Every structure is written in C-alpha cells, then in structure tokens.
Amino acid sequence: MEDDKDSELISPPRVAKKDALDELDSKVKKYLRGSGADLEGLKDKKLRGQLAVREDLYGKSAKAAAKAEKWLMPSEEGYLEAEGLEKTWRIKQESIIQEVDILSSRKAFDMILPDLGPYTLDYTSNGRYMAVAGRKGHLAIIDMHSMDLIKEMQVRETVRDITFLHNELIFAAAQKKYPCIYNRDGVELHSLKEHGATLKLQFLRNHFLLASINKFGQLHYQDMTMGEMVANYRTGLGRCDVMQVNRWNAVVGLGHSCGKVTMWKPTSSAPLVKMLCHHGAITAMAFHPGGHLMATAGQERRIKLWDLRKFEVLHTYTGNAKSLEFSQKGLLAVGNGSSVQIWRDQSGDHKYSRYMSHSMVKGYQVQKVAFRAYEDVLSIGHSMGLSSILVPGSGEPNFDSWVANPFETGRQRREKEVHSLLDKLPPETIMLDPTSIGNVRPEKKKKEQPTKKESEAEMQAAIAAAKSAPLKNKTKGRNKPSKREKKKHEGIARVKRPFLDQQMKEQQQLLKKKQRISDDSQLPKSLRKFVPKLE
Amino acid sequence: MQKMKKRKRNAKAGKSVKGGRGFGGTKSGGPRLPNSLLSQFPVLKPHNGGLGTDGNAGVDDEDINSDEGEIGGLDVYEYDEPMPEEESMKNRRYDHVDNFEYELPEKFEDSNVPSDDGEEEEEDYRGFKDIKRSSNSDVLSGNETEEEEDNARHDRMLQRITELPAEVFESRPQIRNVVSEAYLESEYNPTRDILDGSGHLTIQDLLNPIQGKPVYTEFRKRMQRLNKKSLTLQPPLPKVAQENLEREVAYARSKKDVTKWEPLVKRNREAPTIFFDEDINLGFSTVGAITSEFEPRTDFEKKMASLVHDSKVAEAHKEDGAKLLELNKISLEDVKDRQNRLAKMRSLLFRHEMKAKHIKKIKSKTFHRLLKKDKEKRTSIDVQMDPEAAKELAMKQEFKRAEERLRLKHKNNNKWATRILKRGLAIQDEQTQAAISEQLHQHALLTRKMNSMKDSSSGEDDKSSDEDDDDDDDNLDLGMKSDMASKLLTKAKEKTFEVMEDEDEMPKSGVFSLPFMTRSLAKKSEEARAEAKVALEEYDLALNQHDTDVPNNRNKGTSSGRRVFGASIKQPEEPSHVNNNIGRDSDDEDCEINKNVNVESARSVSLQKGVQIDIDQLNEEFDVGQDFESFDHLVRGNAPKTTYESAVFASGSWSGKKNPNVAGSTNRKPTGVAQHDSSFDNLKDVDDNDDPESGEEMVDGILSSSPKPDYELPSQADLIRMAFAGDDVEQEFEQEKIEVLNEENPEPEKTLSLPGWGQWTSLQEKYGLPSWITEEHENAKRRRDEALSKRKDAHLKNVIISEKINKKAENLHTKTLPFPYTSKEVFEQSIRVPIGPEYNPVTSIVALNRPEVVKTAGVIIKPIKFEEVNPHEKGSEQNLNSKRDTPKVKKNKPNNGKVIKATKTAKKKS
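Chain order of the listed sequences is A and B.
Numbering-wise, the UniProt record's numbering puts 12 at position 12 of the first sequence, and it's gapless, one number per residue.
Numbering-wise, the UniProt record's numbering puts 98 at position 98 of the second sequence, and it's gapless, one number per residue.
Incorrect hints may appear among the rest.
Pairwise CB distance ranges, derived in the manner of DEER restraints [claimed, not checked]:
hint, chain 1, residue 1, chain 2, residue 2, range
1, B, Ile359, A, Leu471, 44 to 50 Å
2, B, Lys790, A, Glu194, 37 to 43 Å
3, B, Thr286, A, Glu23, 56 to 62 Å
4, A, Gly290, B, Val869, 45 to 51 Å
5, B, Asn414, A, Leu471, 19 to 25 Å
6, B, Lys807, A, Arg106, 50 to 56 Å
Here are a few chain A residues that sit away from chain B, every Cβ distance over 12 Å (derived from the structure) [stated by the list, open to error]:
hint, residue
7, Asp44
8, Asp101
9, Ser104
10, Leu116
11, Ser257
12, Ala469
These aren't lab readings, by the way, just hints derived from the structure by calculation.
Remember, predicted model here, so these are calculated numbers, not experimental data.
Backbone N, C-alpha and C fix where the C-beta goes; we use that ideal spot for every residue, glycine too.
In isolation and in its complexed conformation, chain A is listed as follows (with noise of 0.2 Å):
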C-alpha cells in the first residue's frame, strides 16, 4: 500500500533503457496530437517538401516537449497496491490517513452541518476554494489550504445549486425563485431573475457563460462579462436536474427524466445529440475531462459508461448512482445513499472496476461528490454536512501555473482574470468536436426552402433595395416627378412579385393538402369526384 507522496521512492526503477524510450516515444506521440499526412500519396512535390519539412519540425518539438516533461512534470500520480488478498476496496481512510504525511493528512475531514439540510459543493477550478451550500440556505466559502472559512451566510432560501464563476471572487447560487451571483464578501451583486427557478447552474470557464436548467426544462446561457443573455431554449422534456459540462468541448450534457441525454450549445435551438441512454429517470451524469467517455446514471439501476466520439455504450454497471464525477486522473466516483465508491479504470481499456469505497454514518445521504483539482481529495457533500476523504491517484499531481495554479497569489489571480477575459472564446465555438475548428468547412447541404421569416426578410431587403435604386435623369419630359414616381412603384411591385407569387403558391398548397386530407377521410369514394378542385 503506498500513496502519491512516497510513490517515488517506491516506483518501479526504470529497468531497462528500451522501457524509457518506449515511455518517451508515448509521449511524443500525446505531443504529436496524431500522425501526419500520407507524404508518399501526395503528387505535388513542393508541398510534399513542405509538408515534411514542417513533419520534422514538429516530431522535434514533440520530441523536446517529452524530453522536457521529464523535469517539468516530475511527480507521479499514487495508486493504492493490495498485496495478497488484500483488496483495495477494503481499505479504510483511517488506515490511509495513518500512512501518509502530516499535511495530508489534514485534507480528508468531516463536517457535521446537521441542521441546514443536504450540501451540494463546488470547487474552482484549481482546486483551493470549496463554495458549499445547504439546501435551507447556509452558503460558506472555504480555503482548502488553510481549512479557513472566508464567508459564510444564511440566505434563508431554498438554495439548489451553487458554483464558482471564474474565479473564487464570485459565486452564483441557485436560489428558490432565481439564481443570484454573490461576491466572496457575502455581497448579493446579480439576481438573474430571467432563469427562473434553476435546479442546476454550471460554469463554462473559457467561454464565461453560466448556463442553468431551470424547473420547466429551461436552458439558459448568460455571458457573465457583458450579463447579456446569450441563449434561452425549452428542452421540452420536462423538469430536469441533472446537468454538467464537458469541459473538453464545453457542451452542455441533460439528464433528463424520460431517460434521454441531451448535449446542447447555445447557438443551437435543438440539441446537438439527443439520446435515449436509459429507460427510468437519469439520476446522475458526469463527463472524463478528456471529453470523450461519459458515464450515466438511469433510475433503473444501471449505471452506463459512453464513448461520446462512438454514441455508443462501452459498458453497463448495475447500481444505483445519486451523484457521478470524473476526477482529473479519471477515477470515477458514485456516491449512493451513504456510501461512496470510487471506480478505476485499471487497464486502460475503459473497463471501470471497484478501486475504492467509503461509507458514512448510516442515514447520510450523499447529495454531491466533487473531486479536488491538484489534490487526491474526494469531497462529498450529504445530508449531515461535508466530508472529505482522501484517494489516492485521483488528482492531477503536477499543475500547469498558465491553466490553474493552486498556490495562486492575488497578484496572479488578477494577471489571470485579465488574461482569461483577453482570452474569452465566442459562443459559437462550442461544439461536438472543437478540434474540427479551422478545419474544412463541412459542404453545405443543398439549400432546403427558405422559413418565412428568412422569405420575409428578403423582400423587405429587396424592396429597400429597389426603394433606394438611384433613377436615372431621363430627358426633359420623362423627367417628371409624377413619372419618377410611377417608375419606383413599378420598380418596387416588379420586386415584390416573385415574393407574393410564392407566397401564394405556398398557400394555396396548404389549403390543398388540408381540404384533399379532410376529403378523403369525409367522403365516399362515389362522391369525391365531385367535389370542386381547387384552382
């Protein structure tokens, strides 16, 4: 049994120089973001030049960015080892806390909150600051690193969800009637009171919006640096609380309680994939940070792991799951009534197994897991409070100050904030597989008919356009104002026919269906010849 902290000292020694350069060619290959093009294949010679002058370039920068990995990213994630027949699942915390380092230690706790009702958590994104709430409104902010509580307040409402927007400066909490952003001050600086009623609020970092799915099925995306509203659609599915973000591509994922999964962007009224994952209710949904496996939770007691690039179904589990989240390693945690569990993907292949299990006090039930950034910390939120217990391998054990960094001064903090606003991506960005941006534009499907808004739109440009058509200055007596005059409106009717005849056209082929349907199902057959055609 060993954990993260002295895992180097046990980690397998580098045996042979061929493991090395097997590790180093794995990495090369993460660096080189797949193969290059098939040069042989390629007739122009110049470009084939080219193109292998640039292949070379890049094989050796991915080359020296491995190389440099090797003393930038020096830590190694920890695992936990049974020996024998010892299992790792029956490894209790006590028996992990006792193990490892002081300040370790420190990071798994138990918070006993009895009277304010299930805790949901979130933290930011590098992992230093918990917001929590309890659903009878008890909202506290807390520096994980120094177990201190920066805010805490009762905002004597139903509070459903709470997250952290870009920084631990603000947070939004969903409140009974809408949501309200709040600073660390405890200062209420928005009510967004377009939301609604908002079961779930999630945060897209890199494109500043909240998005919230509200009682009604709702989807609201809000820009939080102009406050406009960016997108507002009906799912039509009812009421929904289960949402999160794959934060790969920043589509937002619905579960919703006819078993159906639903991705959406907010340039799209309909949603991007619509899928029906499950046959009860979908209780929990998380995306792996890699972007490309979900795993979903159905009332029916399954639990389903997706290939998102396949829409296909790698494995089903059978269990119950209240709450689902990917850790930055991959782990998976299901939290269940009072016990959690902690998946591990042990080959690699996807095939989650039992890695770790914890269990509360009987009667607690867990509402939210949240993993830790940087940390091996699992926090889990229930109906007595917050724990947090410790698991080893879930974190991320070298960070990256220019994505997060957790020792964050507040100096970065604003360097930071400036930065990521410079950096903000446009809505439109958002999508299914944002690698494919700059690529090829897909070819257009031929161009079905015109909605009538879009019809309507064209005339009235076309008639502004025949309207401002400059008149020639024609000779004396055909000069005439009445006669300029008459020349526009002929101008403007020859403009507008086309739009009228097609209009008509559209119309009197309405009529046409709807009297043909109402005569076939009214008449008898002897009779309908007789009835006046139209036109």
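With chain A held as given, fit chain B onto it using these hints.
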C-alpha cells in the same frame, strides 16, 4: 599610275574612257572583243607597242585592243562614254572618291586565254539568245560569201598598213563564222561556255603565264597538293539551318553552364527559410557620415562649398561672431537699390488697389456695361485673332453647357428660385422677375441642343418641344396664368396633329412613288407618328399636371381640370382615347399613395355618416367616375384634408348616388371575412384533431406507468415525475427520431392521384396507378433513404445527432481548401499541431514560426553567388538550437514556494 597614264593617252586620243570596268580590267571604252578576234593580232603587238605612247613591254591587251579597234576601223561597238563628272574633279564639286577597285600590277602579263572556237561561239550565241539566232542565222548563211570578200579586203588593208608580206596574214587560220556577242560580256551576260560549264578555266591555264617565275614552283606544288585531295566545295548551308545549328550548340553550352546552378537553386527552393541577414552592414548610419562623404559636383555646389569651407569663415565661426559680421558686407548701393525697388512695387500695388476700389465703387450701370462690353470685345477680338483662344473659348462654352446639363443650376429648383416661386412670382418686384427670367433664359441657352437638324420632322419636333418648354418656363417666370400654359400645350398638340396628318399624304408620282421608297417612307412616317403620339401623351400629362398644380395653389377654382378636359374633347377621337388610358394608369400608379389619404378620409366619413366605406370600393369609384378625375388630382396635389372632404361633400350628387352601393358593399364584405375566418377555424380544428399523439400519450402514460420494484420512498414531486415518465421510452424515441428525420428529409407524398382521375372505369382501378407515378415515388423514396443513410446516426438506434449547420460557426472553418493542398485530409493533418508558445517548448517555437524569408529591413539582397553544393546532400538542416533561435524567454516563474515547475507545453486549457 597606270591609270594616270592611260588617261593622258585617252585624252590625247580624244576619248574619255572610264577606267577599271569589270574584273578583267577592261579599261577600254569600247566593248570587249571576243578572244578569237584578239588572237588575230599576236604579231602586231610589238608594232602596236611602238604606236603606243609609252614603249613599255607590258602594255595591256586592252590598249592594244582599243588601238586596234581604232586602227582596224572595227569600232562597230565603240561608244563614247563621257568621263563622269565626279571623276573630272571639276571645281571640286564632288567629294573625292578613292578608287578601291582592283588594279592590275604594272608588270602584269595577261594570260593566254584560249580562244574559243567559232563553232562554240556560234553555239554559245545560239544558246544564249535563241531568238536572236533564229533571226540572224539566215542572215549569216546569206552573208558567207560577202564575208570572204571582206576578209580578203581586210587582209589587203592589213598588208598596206603594216607593210608586211601577205603570207603573214594568209597563214592565220580562217575563221569563218565569227559571231560577235550581241551584248557586252560581263557577269550579267556570261558567255555560253561559262553557262554550261564546258569551257572551264583550269588552274593550269592560270599558272602557265607565270611559268619560270620564282613563285611558280611553289604555286604548282601547292596546286598538286590540292589536286591530290581534291574536294568539291559544297555550297554553304541555308541560313535557317545554319542558325539552327548555331543555336543548338549555344543551347548545349549554356545548358551546361546553367546546370551548375541547379543544385544551388534547388537548395534554395527547398529551404523552408531563406536568410538574407548575413550582411547587415548598411554603410552610413548617421547624418554626419553621409554629409562627410558629400562631394560638390555642380557649379553651384562648388561655389557653396568654397564659401562654406572658406578658411576665413570657418575661423570666424570658431572664434566668435564678430568677424562674421565683417565678412558679411553689403554695399550701400545694393541696399539702396533694393529699397527703391520695393518702394516702387509697393506704390504700384497701392495704386492698383485704389483703382480697383474706385471702379468697384462706381455705381453707374452704363459704366459697368461699357466695361463689360469692353472686356467682351477684347475677348472677341482675341477669339477672332487667335485660333487658340477661340478653341479655348469653345471648350469653355462646351464645358459650361455640360455642367449646366448636369447640375441644372439655372433651373428653378435652387433654393432662391423655389422660395420666390413659392411666395408667388406676381408679388415679387420687377427685378426679381427679371432675374428669374434671366436665369431661365440662361438655362435655355445652355441646355439647347446644338445640332439637332438631322431631319426636318424631328427638328421641328425638337423645336416645338423647345418652344413649349421655353413657353413653360416663361409662364412660370412671368407669372402667367395657367390658361396660357394649357393653351400653349393644346396648341402644341394641334401642331403635332397637323404634322401627323400631313405625313399621311403620300406622293403619288416621281421617285417617291417607287415601291421601296414608299415602304421606307411608310416606315419613317410610322416612327414619326409614334413619336408624335408620345409627344401627345406628354402634353396631356403636362396638361393634367398643370391643371392640378395650378388650381390648388390658387384660391379661386375657376380653371379646374374639367375645363381642360373639355378642351381636349375637342380633339379627334384617338388622342382622347389615349388620354383616358393615361388617366387610368396614373390612377393605378397613385393608388398606393392615395391609400393613406383614402383610409383617413374613409375613417372620417364613417365617423360623420356612420357608414363604412371600403377602401377598394372607394378606389373603384375613383377609377370609374371620370368626374372625379380632378378630385383625384386634388388628392395627389396634397391638398389639405379639410378641403378634400369639403370637396367630397360639396358634390352632393356623388354622395347621393353612391351611398347605397357603399352600404351594400359593407353588408357584403364583413360576411365574407367572417366566412373566411370560419374556414380558418375549421382548418384549425382539423389540425387539432390531427395530432392525437399528445393526448394518447398522456392517457397511455397514466394507464401504463407502473412503479418500479426497487425504489425507495420518493418524494411527491418525484413520484409524479416518475409516474409521467412513460414506459415505452424506446418506442417513443423511435417515433421522435422518425419525426426528426422527416423534418429534414420529408417522406415522399403518397401516390395519390387527383380525385376523379383514373377512376372512371373499373378497369382503370384494376390496373392501378400509372407506372411513372409509382416510379417517381420509388425514386423519391430511394433518395430519402440515401440521405438518411448518410447521417451520422444512421446506424445508432437510440441517438439523434443534429445535422444542422451553425452559420455562426462557419466562420471558424476554412472556407475553401487552400491552394497547394488537394485533399482535405492532408490539409487538416498539416494544421493539427498548434504552433503557439503555449503549446510548444521554447526551443522550437521560433523554428516553428519562422517566416519564409528572414531579412532585416534595409539589407540589400545581393544576387545569388555560385558555390559548390552537393546535390545529394539532404536539405538544409533545421537546427532548433541555432544561434538565431535564441528567443526572449518570458520571465514568468510562479513563486509558489513549491519545487514543481510548470510547463507551458501542450496543456489543454480546461
């Protein structure tokens, strides 16, 4: 020298001979005698020599010849060529021309040219001039006896002259058929033997004369050598072939020359980056450096330089300014002069100014008029005198005209004129009126067509139109009443009618009665008539407008549109008909404008009378009733609403007549609308009935949802939610998917025929639908299936993937495949790796982002230099860690107190 001599002799002989004629050096004035003749005098030579002026042994044959010719009296061909003036050197009138022609050396001995046979001669002659021969041959044969006699006489003559015994002369061979050449032998007139190549001149012949001379053996040896390997000289190749060969050779050479650059160029081409910053010595970098290099070149510069570099000045500068003043001396006269000049100029200017002021102050019109006239006169004189000025003036005029036509500045639509017209011309004082009329006149002048006299009819038309336009304008400016204008217009109309009638009369006789002429005339007249019609329409329109415009502006409505109509009725039938049409058209056209007014009016009417008037109905009234023409115009003329209404109700007949109709229409209309609405309602009902799924579903849900076995005490809300969740989610989902698919690719309509079609007989029903309908249906189905199979979710039963393309996101994609790429995959793979600093190690960023050409500004790119390059060497190595690659490393270490370093490499921001 020889020539000089000869000249002397020639002069003595009283003959002028042009020297150096032909290659043979035939310097005689007369024609060259055939060799056969020449060879008759071998014996005479020495004697002749005695006769010659110089008793030289090497006297030319020619001299002899000529002499002989003189002596022998055989000067049949002799002609006297005067010495060219150029050579006479008289008065030095001609440039001295050196004679570069070949002159025989003094000691030259003419070779013994073998004499030609008489036979050959004859043949030669025959061959040379066939025609000549045919004419001469009989003469020759006829003259044979005579010639013998001649010969005898000749001999006798020789005997007498030379005082030699007759045997000498007898012994020479008798050549009977001596035929002399008809033409002078030259390169243009070759003899026969030369032409057919039989009489070749051999080298031996040429060598013989110099036998025994010291050079002879040498020549002979050389000749022998030559003869041994005698090769016939080929004629030179044609020029084109020669040039081709030359080019080939040149190409091969230059190819070889150029290929040495190939590896060099190839290397440069293949290099991803070319560096031009090796030589960054830019030469001068400071102003001082540049100025120090300056060398005075022009005189001025030199002068300046001498002053600047004057040692005295430099010294003065160095020490203090006092000496500079000394050096800077100006003479007193200069200053005075300058002052005087300036004063003079100033006074002149002042005087001129005063004069101008004075003139400007003069209020006398006559003075100004005279001034103007004077000016004009001057310019006109200028124009007359100077064609340039005239041209300029014409240009100016033309420009003015064009400008006027463009800007219409002098028309009455500028601010001033409109204001005045709006106030009413009649109120204005005379001057203003005059000014306006003047302006219009100007406009007319400037816009008048210049050359419009193509044919009489159109010219007349133009004139008339001009006239009436002018009249129009006049009317406006002189504040004439509208009657006048209408009168004028009607007059114009009448005139056009007259013209039209005139045209109808066809000439019955003369040239114009010819069929094609009549045809063309008819055509012309047709055109003219059309034109006239157009003109008429315009008049009518103008009339209408005039009528509508004018009465609205005036208080009393004495001259209304009706009056004009009355006038127009007097016109013949056709135009009135046209007029009606126009009236209607205008009504239609104005419909939209009128609508607003009409609506308002209608509303007001309804308020007052409590009767609803349909807008269309109203419009119809306007169309139908000619009585309301003027009324309509009233509307068009933007008359205030009150007057309009009053006008409506003033004409009691209208309201009285039309009211019932209107009422009827109102009665009819609403019911129609109601019917329409009800029909819509019906449709809606149908719609409602049409989607039964929702209702059914609900019922189904209630009926079929049963609680799961393993659920633990759900809340009330959960219970309800679960209760409505539905059992057959899969089926429901399938249904939904089908709907989505149908929305994108609608299912082809059922093959329904039109009711009644193909159902007349039982037979038709038996055979069913015609094949083409079913085929079409099948095709549509197939197409749909294909489209569906192309979807991403085609084989996924439980997934619907939206195929909608986001327009906004389209901008994030590359529109078209960039040029060198031909396949999408290759392109996409080539851009897969990000090259920004966030994703790559510092060492490779520069290499990844290096431009194609690295060059610092200002560096001169020198032409490529040759250097040895190994062509088989692999392309230039891209060294990541080269000297150039040292970039500025951002100092941005997180001071977090932890040992772990952050990497900037390849981390996805999450």
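Query raised in the report: Taking the beta carbons of Lys807(B) and Arg106(A), is their distance inside 50 to 56 Å?
Result: 53 Å, holds
**Report entry** Beyond 12 Å from each Cβ of chain B, as asserted for Leu116(A)
**Finding:** 18 Å, holds
Query raised in the report: Checking the smallest CB distance to chain B, is Ser104(A) really beyond 12 Å?
Result: 14 Å, holds
Requested in this report: With 56 to 62 Å as the target window, see if Thr286(B) and Glu23(A) comply at their CB atoms.
Outcome: Since the Cβ atoms of Thr286(B) and Glu23(A) sit about 58 Å apart, the hinted range of 56 to 62 Å holds.
Requested in this report: Look at the Cβ atoms of Ile359(B) and Leu471(A) and judge whether their distance stays inside 44 to 50 Å.
Outcome: Given about 48 Å between the Cβ atoms, the range holds.
Query raised in the report: Does the claim that Ser257(A) lies off the interface hold, with its Cβ farther than 12 Å from every Cβ of chain B?
Result: 5 Å, violated
Query raised in the report: Taking C-beta pairs only, is Ala469(A) more than 12 Å away from all of chain B?
Result: 17 Å, holds
Requested in this report: With 12 Å as the threshold, tell me whether Asp44(A) passes as away from chain B on beta-carbon distances.
Outcome: 6 Å, violated
Requested in this report: Given the range 37 to 43 Å, decide if the beta-carbon distance of Lys790(B) to Glu194(A) lies inside it.
Outcome: Holds: the Cβ-Cβ distance is about 39 Å, inside 37 to 43 Å.
Query raised in the report: Since Asp101(A) was said not to touch the interface, does its Cβ keep a gap of more than 12 Å from each Cβ of chain B?
Result: Fine: 15 Å to the nearest Cβ keeps Asp101(A) off the interface.
Requested in this report: For the range 45 to 51 Å, tell me whether the beta carbons of Gly290(A) and Val869(B) fit it or not.
Outcome: 49 Å, holds
**Report entry** Cβ distance range 19 to 25 Å for Asn414(B) and Leu471(A), holds or violated
**Finding:** 20 Å, holds
Checked against the numbered hints given earlier, the structure breaks hints 7, 11 and satisfies all the rest.
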